[in-house]
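Going down the list, the protein sequences come from chains B and W. At position 96 of the first sequence the residue is numbered 96 (our numbering), and the sequence of numbers has no breaks. At position 18 of the second sequence the residue is numbered 18 (our numbering), and the sequence of numbers has no breaks.
Please note that a few of the clues may not be correct.
Claimed, not checked - Derived, one-sided and incomplete: chain W residues facing chain B with beta-carbon distance under 7 angstroms: (1) T62; (2) Y98; (3) G106.
Please keep in mind that the hints were generated in silico from the structure rather than gathered at the bench. Since the model is a prediction, treat every value here as computed from it, not as a measurement. Don't be surprised by glycine CBs; every beta carbon is placed ideally from N, CA and C.
This is what each chain is made of:
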Amino acid sequence: NAGVTQTPKFQVLKTGQSMTLQCAQDMNHEYMSWYRQDPGMGLRLIHYSVGAGITDQGEVPNGYNVSRSTTEDFPLRLLSAAPSQTSVYFCASSYSSDTSGSPLHFGNGTRLTVT
Amino acid sequence: GQQVMQIPQYQHVQEGEDFTTYCNSSTTLSNIQWYKQRPGGHPVFLIQLVKSGEVKKQKRLTFQFGEAKKNSSLHITATQTTDVGTYFCAGGGGGTSYGKLTFGQGTILTVHP
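Pulled out of the complex, with its shape left as it was, chain W reads as follows:
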């Protein structure tokens, strides 16, 4: 079945440092979504990428979708303590049904003030 691998599993940074998490799929993805989960909270949708090579920005967050639509990344510039949490990617490989959406394992980000 489809696998979505996400690295690293953990990342500790000092406030102000940059952070990147990567997602890789074993199959070509129709689209990829990113979610953020604050400690003790629930996942919250951040963004969706659909096109090959697509780049989207949300303030200090930059999302990329690879040319081959098999990988994606989330980059945070100058992290803040409010960025702490777990970041998940979720890829759709078997068409665009939510029933076929596979989540990565998540990257847990800790920001030290």
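Next comes chain B alone, as it looks inside the complex:
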């Protein structure tokens, strides 16, 4: 099993550009989520999904869109990139959306710079 796979590893965007961060998991996990990590801020939840066709907002959803058309994939879209979106992005999945069920498995991250 590959686990949680994120692409790309690095990306540089100009302000106003759009892009999609890809996330795929091969563990048949029900729950998938996107976090951003900024110095001194910990990990903040952007969007999450408890199953195919179901998505919900996390703590910092503005400027990001998601969809979950399959169990395996959970892409994160930046519609119009802003310098404030410069960050490291992690995709994470879990067998269950219940924290008592199983831990989060994180991908290797995408380092995004917006100039």
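Chain W: place on chain B using the hints.
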């Protein structure tokens, strides 16, 4: 909203010294998880605590959950250079959904040989 505060933000120790990081929540937590992130890596799950006053050990690591389920700590005995990284706590306050899990800011541990 729920806040999970983690201190200290940074900790520098000499190899062999002990290390402790603390998490405090503004609300009662249903459970707390701990993750470790090596430099340049991704967070990796360490442990979950659920019961009031619970104590769990993993070799040199001791995890505690407070009696009131509002605080937790991670203690490492006799640190080694392999312990370097950022340690995060994550608390669930609005039930047990991952959508309501809040991460602390993390403690960055540096171990000097």
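A quick look at each hint next to the structure:
no.	hint	in the structure
1	T62	violated (19 angstroms)
2	Y98	holds (5 angstroms)
3	G106	holds (5 angstroms)
In this structure, only the earlier hint numbered 1 is contradicted, and the remaining ones agree with it.
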